[in-house]
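*Asks:* Could you put together the complete structure from these sequences and hints?
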Amino acid sequence: MQSAFWSVGQAVAALIAWPLIANYSCPSGLPAGECRFEDNLGWRYTYWTFGGLTMVLFLMRLLFRVYETPKYLLGKGLDQQAVDVVQKVAARNKTTTWLTISHFEAIDAELNSNNINNTTTVEDQAPNANHRNIIKRNIEKFRPDKIRSLFATPQIAISTSLMLFLWCSIGMAYPLYNSFIPIYLENKGVNQGSSSLEKTYRNYAIQAVCGIPASILGGFTVDLKKVGRKGTGTFACIGTGVFLFLFTRANSEAGIIGFTCAIAFFQNLVYGLLYSYTPELFPAPIRGTANGLVAMFNRLSGLMAPIIAAYVGIETDLPVWISAALFVVAGVVFLILPFETRGRAAA
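Residue numbers are given in my numbering: position 339 of the sequence shown equals residue 339, and the series is strictly consecutive.
Heads up, a few of these hints could be off.
[To be verified] Here are the computed distance ranges between Cβ atoms for each label pair: (1) Pro283 x Gly77: 22 to 30 Å; (2) Ala284 x Lys94: 25 to 33 Å; (3) Leu53 x Ile183: 22 to 30 Å; (4) Gly51 x Glu105: 49 to 57 Å; (5) Lys94 x Val12: 26 to 34 Å.
[As the list claims (entries may be wrong)] Taking lysine-lysine pairs in the BS3-like style, the calculated list, with each CA pair at most 27 Å apart, reads: (6) Lys146 x Lys71; (7) Lys76 x Lys88; (8) Lys146 x Lys76; (9) Lys94 x Lys71; (10) Lys136 x Lys146.
Derived from the structure by calculation, the hints contain no laboratory data. Cβ coordinates follow ideal geometry from the N, Cα and C atoms, glycine included.
*Replies:* The structure is reproduced here in structure tokens:
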């Protein structure tokens, strides 16, 4: 559902930009010196609207009660508050929980009887000992042990390496196409002799809406016996690549709209799968490290997209071809991943 709401956000943004930019912008072919400020406010109106919506969402957030995580409360020694949160969440979902404060009291009693609990030393009695311990524990989190754990065994090392490649390749391929969709659509319109901002942003809005059902479908296909996570990833990536290739050959308005809709659908399916499959692939102790590492590589590779587009030229189809090739390669990589997590409990 995370990527489904991402698609909803893209659709809302496109539907906002469509009337504002189309009706309050200078014609595309007008020389820069002849475009007056007051005639080119469309993109400013669009960003002002985005800012207003963001502020509304910020204010709406204050109306909703978000509970602190039980893990954090337990780490602070607030056992009763952790129990209260679990019970409130259960009540909100119209069910009950067996967890009570007596369970934590029993654990504390067992630890005390076995002398496993932390003992107080002279150093701990110092006024700033608690703060020093907190700082020390936080610094210890940045040790490279967990990163080394991502390569501890051959299979884990292969999985980590392939997932890094997937996030890198898709992180580069996605913005190579999506960051320049309006330009590609406008160029296609020029080639057909029917270019206009109204048509460009209309097509942009249509393709954004087409991406919404992808994640919903993905939620079903990942649990199919002969498809699973790997099969869905292969199907989505190769599907994206194929339709990107076809988009470069489109020579009619219907073809352009059809191919961009298919691309939006398969791309959102790809990201929906990545966001669900990646955490399942890694054991809990290193899951956060793995997610952070792949996200970092994804963003770093994404920085290459505008550089590539600027070098090869966005007036050509080359950026789209590169994006398509990367998606196809990613689809093949999905097939050789060593683990299929369908039907398995997370480690």
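*Asks:* Against the earlier hints, flag every one the structure doesn't satisfy and list their numbers going up.
*Replies:* none
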